[in-house]
Amino acid sequence: MHKQMVLTAVGRDRPGIVEEFTKLIVHFDGNIEASRMVRLGGDFAMLVFVSAPEDRVYELRRAVDELHYTKFDVLTRLSEVGDEVEDPQVSRCTITVLGADHMGIINQVAQYLAEQGINLESMHTEVSAAPMSGTPLFTMSAEVVVPPRLAVDDLREAMEFIGDEMGVDTKVFEKTETN
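Mapping to the working numbering: the sequence shown position 24 is 24, numbers consecutive.
Do not rely on the hints blindly, as some may be mistaken.
As the list claims (entries may be wrong) - Label-pair ranges, simulated between beta-carbon atoms:
hint	residue 1	residue 2	range
1	35	71	16 to 22 Å
2	55	96	43 to 49 Å
3	10	100	27 to 33 Å
4	107	38	19 to 25 Å
5	31	157	41 to 47 Å
6	173	14	35 to 41 Å
7	121	23	28 to 34 Å
8	18	88	34 to 40 Å
9	23	157	46 to 52 Å
Simulated from the structure, these hints should not be mistaken for lab results.
Predicted, not measured: the structure shown is a model, and the values here were computed from it.
Just so you know, even glycine gets a beta-carbon here, dropped at the ideal spot from N, CA and C.
All chains, please: the whole structure from these sequences, using the hints.
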């Protein structure tokens, strides 16, 4: 029997940081089933979903927690994986936002999604220099699950309204089984 846990580790970016962290997981017979890793500023952040034998998972958790005292800031959480079945009537969409960077863009989008009961499954944001002017340009891509009671066209209309209020372009793409 295996247990799953979510591990988060953040440390100063350096060569070998991923090897160092994952070696510990392997040492306790853990397997990384999903991960997101990224350099943010001068730090490197790792978010991993790990499966490990039930008799080793607590040892692994203690070992990861001990990293906190050396090179990483860490958080461990045992995952309660159930037999959730997704409602076949939900819609999966990608929301994109593009425009001049300013405070509150993510919060305003997230607030609307929360109010509507739309589940945010992943989000990637970045600020980069616009090609010609060098002005800070904000981009966002979010994967969401829309409940059956909300039409995708209503989401699209609301995101356009939010975009107009914030002075950014928004788009909503409904995913189908072929894309």
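Original post:
residue 55 and residue 96, beta-carbon distance inside 43 to 49 Å?
Top reply: holds, 45 Å
**OP:** Could you check the hint for me, namely that residue 35 and residue 71 are 16 to 22 Å apart, CB to CB?
**Re:** Hint holds: Cβ distance 18 Å, inside 16 to 22 Å.
Subject >> residue 18 paired with residue 88, Cβ distance criterion 34 to 40 Å >> reply: With Cβ atoms ~37 Å apart, the hint holds.
Subject >> Assessment of proposed distance window 35 to 41 Å (beta carbons of residue 173, residue 14) >> reply: Roughly 38 Å apart at Cβ, these two residues keep to the hinted range, so it holds.
Original post:
If you check the beta carbons of residue 10 and residue 100, does the distance land in 27 to 33 Å?
Top reply: holds, 29 Å
Original post:
Range hint 19 to 25 Å: satisfied by the CB atoms of residue 107 and residue 38?
Top reply: holds, 21 Å
Subject >> 46 to 52 Å as the expected CB spacing between residue 157 and residue 23, which holds or is violated >> reply: Distance hint for residue 23, residue 157 holds at roughly 50 Å.
Original post:
Is the distance from the Cβ of residue 121 to the Cβ of residue 23 consistent with 28 to 34 Å?
Top reply: Since residue 121 and residue 23 have Cβ atoms about 29 Å apart, the given range 28 to 34 Å holds.
Original post:
Has the hinted range 41 to 47 Å been met by the Cβ atoms of residue 31 and residue 157?
Top reply: Since residue 31 and residue 157 have Cβ atoms about 43 Å apart, the given range 41 to 47 Å holds.
Checked against the numbered hints above, the structure breaks none of them.
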